[in-house]
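Q: What follows is each chain in one-letter form.
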Amino acid sequence: MNEPVEPGLAAEAGAIAFRLNGVARVVAASPASRLSDVLRESLGLTGTKVGCNAGDCGACTVLIDGRQVCACLTALGQVAGRDVTTVEGIARDGALDRLQRAFHAHGAAQCGICTPGMLMAATDLLARNERPSESEVCDALGGVLCRCTGYRKIVDAVLAAAAGEVALAVPAAGRAVGSRAPKTDGAAKLTGAERYGADRWPPGALWLRAVRSPHAHARFSIGDLAALRARHPGLLDVLTARDVPENSFGIFPDHKDQPVLADGLARFRGEAVAALVGEYETVMRIDEAELPIRWEPLEARTEIGQALAATDAPIHAARPDNVLIRGRVARGDVDAALAQAAFVAEGEFATSLVEHAYIEPEAGYAERVGDRLRIFACTQTPYMDRDEVARVLGVAPAQVHVVPSAVGGGFGGKLDVSVQPLLALAAWKLGRPVRTAYTRPESMASTSKRHPARMRARFGCDRDGRIVGAEFHGDFNTGAYASWGTTVANRVPIHAAGPYVVPNVRATTRAIYTNGPIAGAFRGFGVPQSTIAHEALLDELAERAGIDRLELRHRNALRAGQPTPTGQVLRASCGLAQCLEALRPRWRAAVAAAEAFNREQAARGGDAGRRRGVGIACMWYGIGNTVIANPSAMRVSLRKDGQFVLYNGAVDIGQGSNTILAQIAADALGVRLDAIDYVMGDTDLTEDAGKTSASRQTFVSGNAARLAAAALRRKLLQRLEVGENAELAIERGELVGIEGGRRSAIPLAYLPADARGDVEVGRGEFNPPTVPLDADGQGEPYATYGFAAQLAELEVDLALGTVHLLGIAAAHDVGRAINPTQVEGQIHGGIAQGIGLALMEEYHAGRTDNLHDYLVPTFGDVPPIEVHLIEDAEPLGPHGAKGVGEPALIATAPAIFGAIRHATGVTVRHAPATPDRLRAWIKASAR
Amino acid sequence: MASYLRPELLADALSALAGGARTVLAGGTDFYPARVGRLVDEDVLDITAIGELRGVRAERGGLRIGATTTWSDLLAAPLPPWCRALQQAAREVGGVQIQNAGTVAGNLCNASPAADGVPALLALGAEVELASVAGRRRLPLGEFVLGNRRTARGPQELVSAVLVPPWSERARSVFLKLGARRYLVISIAMVAAVIEPDAAGRVARCGVAVGACSAVAQRLSALEQALVGATLDVRIGARAHQEHLAGLTPIDDVRGTAEYRADAALTLVRRALESLAA
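The listed protein sequences correspond, in order, to chains A and B. For the first sequence, the numbering used here begins at 1 and goes up steadily by one. For the second sequence, the numbering used here begins at 1 and goes up steadily by one.
Please keep in mind that the hints were generated in silico from the structure rather than gathered at the bench. No false leads were slipped in.
Computed spacing ranges between beta-carbons, pair by pair:
1. B:R182 / A:G546: 34 to 40 Å
2. B:A222 / A:G546: 48 to 54 Å
3. A:E296 / B:G19: 44 to 50 Å
We treat Cβ as the ideally placed atom computed from N, Cα and C, and that holds for glycine.
Let the hints inform the model, and build the full structure from the sequences given.
A: As structure tokens, this is what we get:
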């Protein structure tokens, strides 16, 4: 039985008494309140995360009397007298428990936003079932969504915790690079201590609620707001376009076309037109029907064809043809090459709007401090946020201080500002702190998506299967505002012929404005879409030429010394052939097994039956920005207290840069990884490391961290007057250098410290070399490229059109795996998103603004994944490393589509291959 | 200020409903999702503290499923083999978090066309018991759910139990759900079937229901009639034809086209019947 709760308090009218993490608590709040809100707002336990408030994501999972439930669906009144356990209640005496250690060791937490929910569900399972099977783990945790890990490492962690104690790798000094060191920020993600955008706010912060257009295209006028404010005394302000000093923002200086608050014209459904600021309860209680907004809906042109046809009324006056930008790469004579080709394959392909669906909706606060403004929010790019907010407010960038929160998933979606300018305007104007967190529908309606693509392509090869030419055109629906449409249009033509030697290429793109949702950056910047086209056509060429699909790719694989379509000759780190060789044994066995299975199924007849297939796809991906400058600067210091500090402007969005960069710095400095602390992304304390995007942080910031740490080491060795091979250490308050038995020491107390407490600082900077592209797209757009091949095995239920994935193997040339666990985690997570892109993800504005109508893969949708790490070292990279974040995703959908074609004969021309589409294609092909 | 009542006695709950309109709250798994981004400021009657409403028990050879019985309660209950469809459905309602909180009766009251609980209960011939201060009444499930989000429950009534009639020990049932992912998925189509064979292995009695292919899940009466007397073997699936599904009115939505739903429903019906013959 429960001990009695604080006597006396329980008698208070309306108060609810329960036990929370073993401690009796009494809360005076509305009993109909969501338990999640009470835990977070009234009790300060922000470890319980809110991802959807609808029971769709499971991030808020807590235990009530030992059983997992969603705190967002539980009325406070229902926990009266019961035991509630949250993630804060798992650790024992401040130490991670066995399950948490297993998560830590296996890299089962990436961004960490789903981790509390995962841990609670797993705690429930292990209390009931000491040795669960893999499928029991999936069943028990299946109610929690994860967008980062691909689930496999979570399954591994739970099984390991059930099997016994788990050891954590602690690399020795100089051995951090290449080790499976647990994440430096892992423990905080496992205990609930980590602070995401919605987890910190100043006392007395007001709440901001954006008012958004219900129409995809509409004129509107806002009437007198005085009556509304009079009716609601807690409503302190209603911000409109008139309140915005410079009402335009956007990624590129010449495309700042998006207003913070629309000014009389809404160009997409979900665009912010006003912001209510005041007391939370007041602001949330206001019915939108009360707002004096008069809407005049206009014809909405949400599709590419509509926008191209309707140039009489352009979406932006500056672009009369609705074309934001065109991209082009041309080399050789593609028409002649294709005319002479022995075999030509061509086709049209389409993809859908894809939502990032990070489990953390955008959130944060802003606070005015004198003539400066502080913003705490989730972001992938603190320095761009700083400059954007300064511009909007009409202040100097130095007046804006951005403190990135921990980020609960980004994938490109948090490269654009979201809450930041709104919060900044409100806090700046009202002089009071203001906070907000988007609802899930608001996050989905208002923030960027993956571009839907309409592509046609033609590839030709000779009798030996050597590709002689490739032609590609892609139109990308960029939605209402420019966002990163330019990047997509420029990056795709470079990659559109695939990672092959193709002497004759013509690849063109357009990014087209429509009244659709804003399409921007999403893991791969258009390359996942174009890869679907070229890999489908390569399969067709292989069939026509009578060559095995893997061997055709191997024959054409780009190798060091050969030119790319932009005329760039890669001198090293070009490991696609090795990737294919790593997959070759499994490929041969899997193809034979699938074909044997299909013969047996066909012989059985009856119900349309099942067919198996195996697919293979290759990809390449330029690491870092396309041509444009791409610098990162890092500093590493020795603080007076003996702690080394990495001043790291790169935001870790779960992909692991807080760990990777520390590993690189530790080895360059020659100290243990755990001797290095870090500051992440704070624009007052760090230097600009550039955005966390384009798979660039390991390669670019990794170099900066290495150089910074090496510079600090040199300075410290000089102070100690020891040689460059000396061992460096901090011992009993002294900086110590040991060289061949000679020991040199300086008491840290003797060293003067700067304002931050640093006694010595090393700085490093890296900007990857590129050569601008000419009018034909000829040049060297990237300093290095990632390569990969992935293989998918699956089974299609012909009568239902459903696909069951049996397994995926992924071989990635990463140059060097700084942390193999993290690299595998990126690959697993990318594959999971690739599965979503291939089979289920399709956003429809206004119809799928939640996580039950918009489907992302769950525990049961990601099959076992075999990872082969190919380390064809990149001479420019830190320890040979290049990026893997986006490469992880790109080959997955085309590999799945290749397998579907192998199983059914159907070429997937429209992603995703949902059951209804696939069934229709199968029926059509049978006719 | 909105009022929140959480009585421990059914009589108190019924009096409260008689006293004015209130939203009935049980597991909260439909209540809160319908209020994303809104404060709860309506009068609520929380029925989860009423002990007599929770649990499954045998009653007159069949089952009485109390109104606040959760899907997990149903899964944990030792039910006869003909209830397998119901337990299979219980595993498909959201994740374990939802199964631990969501109630069988709430699933019926929410009246979603894609309610996972409806086809199995419909196939089994379940009734809904409604209580109010005026007394109790029973309605066949098919007469209780009237349409998309509409039921026959009056504002002063509470669903007090779901009643499942008895089937013989030989009867078996199955539930098949079709969705575009493994967990947490709203059905594109689903089928529940129950068959009670006679001693000679012929279908003596049966129920087949299809969900998510019409505003309210439908029994396939014509098919059921055609199946009675048939030998229960693997050929039984072939007895189902598209005309047996003529009463369905599938729609196009984000989960699938109407054409696909009709096509898939027939496949699921055939497979469900075949699995009962296996």
